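So the sequences go chain by chain: A and B.
When the letters of the first sequence are read in order and numbered with the working numbering, they come out as residues 1 to 112.
When the letters of the second sequence are read in order and numbered with the working numbering, they come out as residues 113 to 223.
Hints are not guaranteed to be accurate.
Unchecked claim - Simulated pairs of lysine-lysine, DSS-like, Cα-Cα distance not exceeding 27 Å: (1) Lys-195(B) to Lys-42(A); (2) Lys-42(A) to Lys-57(A); (3) Lys-195(B) to Lys-68(A); (4) Lys-57(A) to Lys-127(B); (5) Lys-156(B) to Lys-195(B); (6) Lys-42(A) to Lys-58(A); (7) Lys-127(B) to Lys-190(B); (8) Lys-183(B) to Lys-68(A); (9) Lys-57(A) to Lys-174(B); (10) Lys-42(A) to Lys-190(B); (11) Lys-99(A) to Lys-183(B); (12) Lys-195(B) to Lys-58(A); (13) Lys-99(A) to Lys-195(B); (14) Lys-22(A) to Lys-58(A); (15) Lys-71(A) to Lys-156(B); (16) Lys-22(A) to Lys-156(B); (17) Lys-190(B) to Lys-99(A); (18) Lys-174(B) to Lys-68(A).
Hints are computed from structural coordinates only; laboratory data are not their basis.
Keep in mind the model is a prediction, meaning the values are calculated, not measured.
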Amino acid sequence: GENVEQHPSTLSVQEGDSAVIKCTYSDSASNYFPWYKQELGKRPQLIIDIRSNVGEKKDQRIAVTLNKTAKHFSLHITETQPEDSAVYFCAASSFGNEKLTFGTGTRLTIIP
Amino acid sequence: EAGVAQSPRYKIIEKRQSVAFWCNPISGHATLYWYQQILGQGPKLLIQFQNNGVVDDSQLPKDRFSAERLKGVDSTLKIQPAKLEDSAVYLCATQTSGRQFFGPGTRLTVL
């Protein structure tokens, strides 16, 4: 089955700086890669996703890049703000098998 | 996203007791998932429904966990008997256009 590894487990950045979280996956059939943000005691919220037919996707301060050859994808947050503090999870699934396999999470702390 | 409802939000039971969770998905979403999220970990899929049929229950501990989705709408997840290691948040999610959206979850504490 699919295995998703996520790094780092914790990340602290100064407000206004950029944050990068990286994930690798094992199943070459995986073709859908969402990122979820989870604040303390809240539900995971989908913030951005990418499919394997594109290499990069951007939504305001958030971007995701995908390298299918290397089987890794990354979340980039620019101009970080205090409200970006949360746990971020990457996930992967393959077409026809929509089961999401999640990474272990990254606790992002924005330092004012 | 805002339409996935779950109840109860919190539940405390003693080990060996039984418990049930309820999920009401977003209207019209045929695919429904139950996940278990242990503190400090990512969600882990327990079971996936397509309408009222089970698509994947390979990670459901069937000796104690059961789930159903009668009429292809609401779903219930039951644990009987509960163990200490079942303490977790149980998340329900539904899917549309390939994207999964989560409910608020039920936080279960087993004492």
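Status of each hint after checking the structure:
A threshold of 27 Å between alpha carbons decides the hint, and for Lys-195(B) with Lys-42(A) the separation of about 24 Å falls inside it, so the pair holds. At roughly 26 Å between alpha-carbon atoms, Lys-42(A) and Lys-57(A) fall within 27 Å of each other, so this suggested pair holds. Annotation: proposed proximity of Lys-195(B) to Lys-68(A) is violated, straight-line Cα distance about 41 Å (limit 27 Å). About 46 Å separates the Cα atoms of Lys-57(A) and Lys-127(B), which puts this hinted pair outside 27 Å; it is violated.
Proposed proximity of Lys-156(B) and Lys-195(B) is supported: the alpha carbons are some 17 Å apart, at most 27 Å. Proposed proximity of Lys-42(A) and Lys-58(A) is supported: the alpha carbons are some 25 Å apart, at most 27 Å. This hinted pair checks out: Lys-127(B) and Lys-190(B) have alpha carbons roughly 14 Å apart, not beyond 27 Å. Between Lys-183(B) and Lys-68(A), the direct Cα distance comes to roughly 40 Å. Violation of the 27 Å bound is thereby established for this hinted pair.
At most 27 Å may separate the alpha-carbon atoms for a hinted pair to count; Lys-57(A) and Lys-174(B) exceed this at roughly 40 Å. Restraint check: the Cα-Cα separation between Lys-42(A) and Lys-190(B) comes to about 22 Å, which is no more than 27 Å; the hinted pair holds. The suggested pairing of Lys-99(A) with Lys-183(B) holds, with an alpha-carbon distance near 22 Å, which does not exceed 27 Å. Pair hint Lys-195(B) plus Lys-58(A) does not hold up; C-alpha atoms about 44 Å apart against a cutoff of 27 Å.
Between the alpha carbons of Lys-99(A) and Lys-195(B) the distance comes to roughly 26 Å, so the proposed pair stays at or under 27 Å and holds. Between Lys-22(A) and Lys-58(A), the direct Cα distance comes to roughly 16 Å. Compliance with the 27 Å bound is thereby established for this hinted pair. Taken as a hint, the Lys-71(A) and Lys-156(B) pair is honoured in the structure, with Cα atoms around 21 Å apart against an allowance of 27 Å. Of the supplied pair hints, the one linking Lys-22(A) and Lys-156(B) holds, its CA atoms being roughly 20 Å apart against a limit of 27 Å.
A hinted pair counts as satisfied when its Cα atoms are at most 27 Å apart, and Lys-190(B) with Lys-99(A) qualifies at roughly 21 Å. For the suggested pair Lys-174(B) and Lys-68(A), the alpha carbons sit about 36 Å apart, so the restraint of at most 27 Å is broken.
Of the numbered hints listed earlier, those contradicted by the structure are 3, 4, 8, 9, 12 and 18.
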